[in-house]
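Asks: So you can see what is in the structure, the chains are spelled out below.
Number of protein chains: 2
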Amino acid sequence: MQTSLLDRLFDSGLLIDTGVEGLYGRSGAFEDVIARFERLVDTYGGADGAEAMRFPPGMNRAHFETSGYMKSFPQLAGTVHSFCGGELDHMSLLQCMEVEGDWTKDQKATDIVLTPAACYPLYPTIAKRGRLPAGGGLYDLQSYCFRHEPSNDPARQQLFRMREYVCMGTQEHVTTFRQTWMDRGLEMMAKVGLDVTIDVANDPFFGRAGRMLANNQRDQNLKFELLIPVTSTAKPTACMSFNYHQDAFGAKWGLNLENGDVAHTACVGFGLERIALALFARHGLDIAAWPTDVRNVLGYQD
Amino acid sequence: MQTSLLDRLFDSGLLIDTGVEGLYGRSGAFEDVIARFERLVDTYGGADGAEAMRFPPGMNRAHFETSGYMKSFPQLAGTVHSFCGGELDHMSLLQCMEVEGDWTKDQKATDIVLTPAACYPLYPTIAKRGRLPAGGGLYDLQSYCFRHEPSNDPARQQLFRMREYVCMGTQEHVTTFRQTWMDRGLEMMAKVGLDVTIDVANDPFFGRAGRMLANNQRDQNLKFELLIPVTSTAKPTACMSFNYHQDAFGAKWGLNLENGDVAHTACVGFGLERIALALFARHGLDIAAWPTDVRNVLGYQD
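So the protein sequences, as listed, match chains X and F.
Here numbering that gives the first Met the number 0 is used: the first residue of the first sequence is 0, the next is one more, and so on.
Here numbering that gives the first Met the number 0 is used: the first residue of the second sequence is 0, the next is one more, and so on.
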């Protein structure tokens with residue numbers, strides 16, 4: 000019987016089992032692959048003059064509520080809760096833990112929700128600045144993101160990093176941005192020896208109403224994904240996404256162009272763990288044995 | 000009236016207001032200071048042969064429960080909760096959000112808790128490997144950590160990064176490790192032009208029972224802190240800590256030396272945001288105007 004990729008990653012130490020599906024530690028070598036791939040991203044995006052911002056893995060709950068995420072993907076979100084009681088409550092809590100009861104039931108929601116995608120904290124930040132500058136806005140983001148979807152597919156992690164560029168401007172401006180990154184994505188992945196296809200996205204919108212949202216997203220070609228084999232060649236994994244929001248985020252957050260028009264927005268995202276896993280799946284777990292041209296592109300010194 | 004450091008950090012764009020106290024975005028320049036300081040840490044710790052591991056900002060709840068954190072600091076912990084209902088529950092949830100009710104009350108605890116300190120996921124990971132190798136173990140960690148303590152002190156953030164080295168071995172081995180890093184910490188901070196003092200730690204143990212734990216920690220000199228002025232010279236901020244756990248973690252997690260004895264453990268932690276803030280407070284918000292020797296140590300090119 001073939002050993003699964005996840006087990007091989009555990010055995011090699013590249014990923015570290017925490018006992019929770021989709022929650023893994025990373026070895027120094029795994030982290031290094033991600034850092035090197037991000038530097039490759041920088042060589043493509045660096046000259047565009049994006050403003051770099053790094054938000055922590057949690058965001059303002061009020062902004063999360065405004066985003067509408069709970070309408071589309073309630074099952075994936077993670078709210079952060081804390082103990083807010085006094086000393087007697089604390090004694091009850093410890094007694095509850097002692098007998099292995101559900102001590103979490105009295106935890107109270109804090110003002111923080113785990114970030115579902117790196118760009119979520121950006122929109123309210125930019126809206127607060129007032130109108131966009133002439134020429135629109137371009138932002139460079141990266142953060143850990145959370146999706147509550149326990150799985151033994153190593154490419155489906157509950158906590159993972161997403162690198163993003165977000166563009167705000169006219170329809171033409173942001174759709175050109177999106178096309179540019181689709182071209183760049185294909186070129187980058189070819190350079191690191193990965194086989195890719197591009198397809199319309201298939202997001203896991205929740206419930207029956209969600210099926211309509213999914214159909215709408217597909218029919219309007221609003222979101223594309225760059226797919227690369229990780230655990231399966233027949234079912235490749237979305238490792239990049241290219242998302243045109245029309246003026247939906249502009250209207251929701253009050254993002255306006257210099258002339259007052261509602262801004263259109265688009266974002267391009269890299270699933271950094273997925274890309275690293277695609278590299279390991281394609282070239283093997285021993286980085287020193289990766290093809291020389293791939294090693295060179297990633298800056299490994301031979 | 001003097002503008003607070005936090006407001007000056009917001010105005011300069013180094014920190015980004017998210018609307019939640021203690022939850023901030025960082026500019027590219029702020030991140031770069033942290034990256035450069037970490038490289039300085041590497042120049043001190045790099046030759047020791049520590050095994051690098053990077054855990055995500057959340058950990059296995061079962062391990063968190065075993066850690067005993069809820070006994071000492073229940074008020075600081077953050078549990079991650081998700082929506083686990085069906086379509087009807089989802090409709091109720093959206094209706095609740097519509098009327099601005101408490102939609103979070105039906106969220107259910109997941110298997111994940113936010114990491115309170117970078118080393119928490121390490122102990123069960125090492126215990127699972129069996130006995131420590133001869134010469135003990137040395138590990139290099141960094142992660143985002145969560146502490147639920149909203150504050151307008153920029154040095155008290157709810158989500159911040161901690162770099163750590165953890166040593167496991169005999170009492171002599173790990174206390175020598177701790178002393179080495181106290182010496183290194185003093186030297187590093189002097190090199191980057193920061194005024195430091197070292198004192199016994201003053202952790203915010205919860206409640207009346209917690210006061211005993213705090214007294215015990217102080218009386219036994221188990222934890223020291225390296226204090227640097229950030230918002231106040233009179234009340235400097237703990238930017239590094241040096242923690243000797245005796246054999247408490249060894250016994251709790253089943254960490255054993257090669258000869259079967261229970262391992263002693265110690266850890267040294269860098270509060271990366273706090274150190275960056277101390278640098279900005281001391282040398283000003285314009286990195287280009289920092290003293291040349293400090294810029295050189297951090298690898299800025301003039």
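Keep in mind the hints are simulated off the structure, nothing from the lab.
Hints should not be assumed to be uniformly reliable.
Which copy? The list can't say, so a pair holds if one copy fits it or any two copies do.
[What the hints assert, rightly or not] Below, simulated SDA-like cross-link-like pairs (lysine to any residue); rule was C-alpha separation at most 25 Å, straight line:
1) Lys-190 / Val-296
2) Lys-251 / Glu-97
3) Lys-70 / Gln-94
4) Lys-251 / Gln-94
5) Lys-70 / Ala-288
6) Lys-251 / Met-90
Asks: With reference to the structure, classify each hint as holding or not holding.
Replies: Against the structure, the hints come out as follows:
For the identical chains of this complex, Lys-190 and Val-296 are intra-copy neighbours only, at 7 Å inside a copy versus 36 Å across copies, given an alpha-carbon limit of 25 Å. When the C-alpha separation of Lys-251 and Glu-97 is checked against a cutoff of 25 Å, the pair qualifies only between copies, where the shortest distance is 15 Å, while the shortest distance within a copy is 47 Å. For a Cα distance limit of 25 Å, the shortest separation of Lys-70 from Gln-94 across copies, 10 Å, qualifies, whereas the shortest one inside one copy, 37 Å, does not. In this assembly of identical chains, the alpha carbons of Lys-251 and Gln-94 lie at most 25 Å apart only when taken from different copies (19 Å versus 46 Å within one copy).
With identical chains, the CA atoms of Lys-70 and Ala-288 are never at most 25 Å apart, being 46 Å at best within one copy and 48 Å at best between copies. Only between protomers do Lys-251 and Met-90 lie at most 25 Å apart by alpha-carbon distance; the minimum there is 21 Å, versus 45 Å within a single protomer.
Consistency note: the structure conflicts with earlier hint 5 alone.
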